[in-house]
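Peer 1: Sequence:
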Amino acid sequence: MKDEQLQAWVEEISLRSFGLPFRHEARFNRRLRSTGGRYFMKSHHIEINPAQLETFGMEEVEKIIKHELCHYHLHIMGKGYRHRDPDFKALLKQVGGSRYCQSLPGSQGRKQLPYRYMLKCTSCGMEYLRKRRVDPKRYRCGKCSGNLQLYGYEQQKNL
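Using this note's numbering, the final residue of the sequence shown is 176, and nothing's skipped along the way.
For the record, the hints were derived by calculation from the structure and aren't laboratory data.
Check the hints yourself; a few may be wrong.
When the alpha-carbon atoms are kept at most 25 angstroms apart in a straight line, the in silico DSS-like pairs for lysine-lysine are as follows [stated by the list, open to error]:
(1) K96 / K110
(2) K106 / K59
(3) K148 / K137
(4) K19 / K59
(5) K160 / K137
(6) K96 / K106
(7) K96 / K59
(8) K154 / K137
(9) K148 / K160
Could you build the full structure based on these sequences and the hints that come with them?
Peer 2: Structure, rendered in structure tokens:
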């Protein structure tokens, strides 16, 4: 599918599902990795990940287009267009768009890092695993209110 076909498809979905015209540009972007599509607030353009179409087909991409069109139409109308806004959630449910796109095989997307740090209570030995480094002086043990000591990943292996 080419960008011109995508443009016509987005315009058709907009009229059919929202009853409103899409007057801006829709295009494919192969550089998108962890998302199915993207809406630009300044230009009002929409980009779609072509790998979603190749992997999951037209039905799944139509849900992604509806998701991006929810952002588009709500933003233009001056209503809540963000994921957390009730207007967005209600419109997305009404038109049958997807809240999240499916993960592409082989893509890392939001890769979960292993726990890299451990906070250990010096009094009771309670351990708290953390993915990000924290200042142990700012926290106390939740069990006994003791002092915490920070251990890095390399030190954690030896414990």
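Peer 1: Taking the hints in turn, state whether each one holds.
Peer 2: Do the hints match the structure? See the list:
1. K96 / K110: 16 angstroms, holds
2. K106 / K59: 22 angstroms, holds
3. K148 / K137: 14 angstroms, holds
4. K19 / K59: 24 angstroms, holds
5. K160 / K137: 11 angstroms, holds
6. K96 / K106: Holds. K96 to K106 sits at ~12 angstroms (cutoff 25 angstroms).
7. K96 / K59: 16 angstroms, holds
8. K154 / K137: 12 angstroms, holds
9. K148 / K160: Judged against 25 angstroms, a Cα distance of about 21 angstroms means the pair holds.
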